[in-house]
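Undergrad: Start from the sequences, fold in the hints, and give me the full structure.
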Amino acid sequence: MNSMISYQGHHIHYSLYKNPPTKPSLLLLHGFLASTYCYRHLIPLLQKDYQLIAIDIPPHLEKATK
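The opening position of the sequence shown corresponds to residue 90 in my numbering, with each subsequent residue numbered one higher.
I should point out that these hints are in silico values taken from the structure, not numbers from a laboratory. Incorrect hints may appear among the rest.
Unchecked claim - Straight-line distance between alpha carbons at most 20 Å, and here's what the computed SDA-like set of lysine to any residue pairs gives:
{"no.": "1", "residue 1": "112", "residue 2": "136"}
{"no.": "2", "residue 1": "107", "residue 2": "134"}
{"no.": "3", "residue 1": "112", "residue 2": "96"}
Said to hold, decoys possible - Cβ-Cβ distance ranges computed for the label pairs, FRET-style:
{"no.": "4", "residue 1": "98", "residue 2": "138", "range": "32 to 38 Å"}
{"no.": "5", "residue 1": "95", "residue 2": "138", "range": "30 to 36 Å"}
{"no.": "6", "residue 1": "100", "residue 2": "137", "range": "27 to 33 Å"}
{"no.": "7", "residue 1": "109", "residue 2": "130", "range": "31 to 37 Å"}
{"no.": "8", "residue 1": "134", "residue 2": "98", "range": "23 to 29 Å"}
{"no.": "9", "residue 1": "97", "residue 2": "120", "range": "19 to 25 Å"}
{"no.": "10", "residue 1": "112", "residue 2": "92", "range": "15 to 21 Å"}
{"no.": "11", "residue 1": "95", "residue 2": "130", "range": "25 to 31 Å"}
{"no.": "12", "residue 1": "96", "residue 2": "121", "range": "26 to 32 Å"}
C-beta: ideal position from N, C-alpha, C; glycine also.
TA: Given below as structure tokens:
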């Protein structure tokens with residue numbers, strides 16, 4: 090699930106990959122000059138064992154038009 094929130098005038102894109110609540114949560118934070126796109130191959134591998142939260146950190150935000 091892809092969503093946007095607004096915080097202090099910035100639109101922040103995040104993706105949630107939910108599993109049953111018994112699974113631990115894992116927050117995916119990318120580094121400088123990256124985006125959540127860098128996790129496209131990792132997410133399918135982790136998704137079976139974790140609830141994943143991937144956040145695009147400013148200024149490398151996913152475009153609101155996507």
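Undergrad: Return the numbers of the hints above that this structure violates; sort them in rising order.
TA: Of the numbered hints, 3, 7, 8 and 12 do not hold.
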